[in-house]
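J.: Start from the sequences, fold in the hints, and give me the full structure.
Numbering (the working numbering), first residue to last: 46 to 250.
It is possible that some hints are incorrect.
To be verified - Derived lysine to aspartate or glutamate pairs resembling DMTMM-like cross-links, with alpha carbons at most 20 Å apart: (1) Lys-66 x Glu-207; (2) Lys-91 x Glu-213; (3) Lys-66 x Asp-82; (4) Lys-227 x Glu-59.
In short, the hints are calculated from the structure, not lab data.
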Amino acid sequence: MANQESLRVFCAVEIPAEVKKHIADHVAFLRLHASDDTARWELIEKIHVTMKFFGEIPTQRIEDLSRAVTRAADSIPPFNLAVRGTGAFPPRGAARVLWLGMHDDSGGLERLQAALEDECAKAGFTREPRPFHPHLTIARLRSPRGAREIAEAHTQNNFQDEAFAITEVIVMRSELEPGGSKYTALSRHRLRGKGEKGERARRNI
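T.: Next comes the structure, spelled out in structure tokens:
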């Protein structure tokens, strides 16, 4: 990392392996309705909830970012989340993206995202101007041919999964490679809740 001037970075929360297995089963069902040239499927092991995308950040500012994320994580207790509901974008006309929805009954995900925006803004990072719409992208449709059939198969399947605990937020590096993006965890920040003493983030760099 020391030889690179900047890193492409985002914050995310992970999806448990058992939930990814259910998503993989759903994708396998959808692939029965589409040829390989109709859609580009996201790799299940890479699926996550993006909380905030920063783009290219100078390497000397990664430590500032990590401290800001720690402050945000210190203010939010662990919460439950569920993958629930299906959708396509755009909702009318030829679909281009298939996604799964996030059920945030406690509001914890929204509070975590708001805390990340606030603390990162205090550290000098740009706020995201667009509203936060958490979702999991599972496919990008390459052409209108066959898009309607696969979108209907997706949206008519009432995907629901059990709730799972979110206990940390991760600062991730994204590297653009010929075969797609490669993600690497730079640091993990435990959710603690207000009033609890924070700790130094666990690092993988």
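J.: Going through the numbered hints above, which ones does this structure break? Give me the numbers in ascending order.
T.: 3
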